[in-house]
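Chains A and B, in that order, give the protein sequences. If you read the first sequence in numbering that gives the first Met the number 0, its first letter stands for residue 0, the second for the next number, and so on. If you read the second sequence in numbering that gives the first Met the number 0, its first letter stands for residue 0, the second for the next number, and so on.
These aren't lab readings, by the way, just hints derived from the structure by calculation. All of these numbers come straight from a predicted model, not from anything done at the bench. Hints should not be assumed to be uniformly reliable.
Same chains, same names: a pair is fine if it fits in one copy or spans any two.
Said to hold, decoys possible - Within a straight-line C-alpha distance of at most 30 Å, the following computed DSS-like cross-link-like pairs (lysine-lysine) qualify:
id: 1; residue 1: K191; residue 2: K54
id: 2; residue 1: K92; residue 2: K41
id: 3; residue 1: K117; residue 2: K79
id: 4; residue 1: K92; residue 2: K116
2 protein chains.
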Amino acid sequence: MQLGILYGISVGTGDPELITVKGLRILQAADIVTFPQGIGNKPGVAQQIISQWLKPQQITIPLNFPYVRDQDILESAWQKAAEIVGKYLRQSKNVAFACEGDVSFYSTFTYLAATLKKLYPEAVIETIPGVCSPTAAASELQIPLTVRDERLTILPAIYTMTELETALDSAEVVVLLKVSSVYQQVWQILKKRGLLESSWVVEKATCRDRKIYQNLQSHPHLQLSYFSLLLIRVLE
Amino acid sequence: MQLGILYGISVGTGDPELITVKGLRILQAADIVTFPQGIGNKPGVAQQIISQWLKPQQITIPLNFPYVRDQDILESAWQKAAEIVGKYLRQSKNVAFACEGDVSFYSTFTYLAATLKKLYPEAVIETIPGVCSPTAAASELQIPLTVRDERLTILPAIYTMTELETALDSAEVVVLLKVSSVYQQVWQILKKRGLLESSWVVEKATCRDRKIYQNLQSHPHLQLSYFSLLLIRVLE
Numbered sequence: 000m001q002l003g004i005l006y007g008i009s010v011g012t013g014d015p016e017l018i019t020v021k022g023l024r025i026l027q028a029a030d031i032v033t034f035p036q037g038i039g040n041k042p043g044v045a046q047q048i049i050s051q052w053l054k055p056q057q058i059t060i061p062l063n064f065p066y067v068r069d070q071d072i073l074e075s076a077w078q079k080a081a082e083i084v085g086k087y088l089r090q091s092k093n094v095a096f097a098c099e100g101d102v103s104f105y106s107t108f109t110y111l112a113a114t115l116k117k118l119y120p121e122a123v124i125e126t127i128p129g130v131c132s133p134t135a136a137a138s139e140l141q142i143p144l145t146v147r148d149e150r151l152t153i154l155p156a157i158y159t160m161t162e163l164e165t166a167l168d169s170a171e172v173v174v175l176l177k178v179s180s181v182y183q184q185v186w187q188i189l190k191k192r193g194l195l196e197s198s199w200v201v202e203k204a205t206c207r208d209r210k211i212y213q214n215l216q217s218h219p220h221l222q223l224s225y226f227s228l229l230l231i232r233v234l235e
Numbered sequence: 000m001q002l003g004i005l006y007g008i009s010v011g012t013g014d015p016e017l018i019t020v021k022g023l024r025i026l027q028a029a030d031i032v033t034f035p036q037g038i039g040n041k042p043g044v045a046q047q048i049i050s051q052w053l054k055p056q057q058i059t060i061p062l063n064f065p066y067v068r069d070q071d072i073l074e075s076a077w078q079k080a081a082e083i084v085g086k087y088l089r090q091s092k093n094v095a096f097a098c099e100g101d102v103s104f105y106s107t108f109t110y111l112a113a114t115l116k117k118l119y120p121e122a123v124i125e126t127i128p129g130v131c132s133p134t135a136a137a138s139e140l141q142i143p144l145t146v147r148d149e150r151l152t153i154l155p156a157i158y159t160m161t162e163l164e165t166a167l168d169s170a171e172v173v174v175l176l177k178v179s180s181v182y183q184q185v186w187q188i189l190k191k192r193g194l195l196e197s198s199w200v201v202e203k204a205t206c207r208d209r210k211i212y213q214n215l216q217s218h219p220h221l222q223l224s225y226f227s228l229l230l231i232r233v234l235e
């Protein structure tokens, strides 16, 4: 019996209409729809995005991807998720995995796909690209992310401020993802370089409760949520 | 009389189904649909992408954005395009501008929007984000673009190989857009650094005639078209 297909579907950054036509078509045709489990009893971001698009007969399964750094815990969670998906693929059912943002861009799907490939080397996995947060944030800010010959550097999480300084020295546009935990240190560097007025924070881009902060001069101590991004235009 | 709205719609990288649901809805509701004029008598990329989605009653207008570096010629073309769009906005018609890739990511739309704002400061401009080429290419290659704490640098066009070396020194993933004119020089640097086997070329990502080159060891002299991208994973 032929295995079903695992589809990694990028569902965009928050606005349910930012899923692609292709992603929506494949999502709605899947027998089983999976997504990262939310924290506590709350639905996860991807789950919220797709809820309006699902058909009544579709089976939905939240998969647990814990927010920890312990490699053993992570690998055990990936293994469990891949076994759940594999069970349905063996029944020739197609499984969609809904992934916030883009499926290739700092995504949980990478681990699910890699683990599944270890369990079932013959499994067919297809990914559908989508809207990622840097371009979504630029649209919200009504500014271009990049133009002409501008170099763009994206830092997913900052461990040393030296990395930020290097990025600011060698790119015209720098985007810091998930900036909440280091915001105050970043703010000091932007102040030193005179970049506070050409920097923007976007929290939960394209979600209903999204927030924008511009002219960061007056915002040295923002309390930000997890999905917060900082966009710096170095040349302005 | 109220001005119409100018919508900058990201239509993705080539596959017509990679437009977002929101982009498609707004595209199909627009009175006037504009896009960058193709070269010679050929339809442009954005025009090809949207052709299957247009309604018979929609008026389509190609706008001329010449492929030159001369600032005077460019500004005169932007002015003319903005005047054409402005004429319809003054008639309270909504105008869509279809833009390949994402509208904030190295896009012609930036110049159209800026010029229109000079002519009509009161004009309302809305942009809808979409799929950009780096994530689309990663999906085609069936590899993640970025995971974990990987830093990503995107170079839109390379003027010195020093810039490439800097990027390779300070990021785990480097994407070179429009790599065709510098491919051979880039290849030499990748060879020197032992990165040819963790580099990929994607030509016309998600288009029907897209091509993929992996293991670049055997491809020192590729003749590539304009929409070619090189993805380098530095750590592998």
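Evaluated hints:
{"no.": "1", "hint": "K191 / K54", "result": "neither (53 Å within a copy, 53 Å between copies)"}
{"no.": "2", "hint": "K92 / K41", "result": "within (27 Å within a copy, 43 Å between copies)"}
{"no.": "3", "hint": "K117 / K79", "result": "within (13 Å within a copy, 57 Å between copies)"}
{"no.": "4", "hint": "K92 / K116", "result": "within (17 Å within a copy, 52 Å between copies)"}
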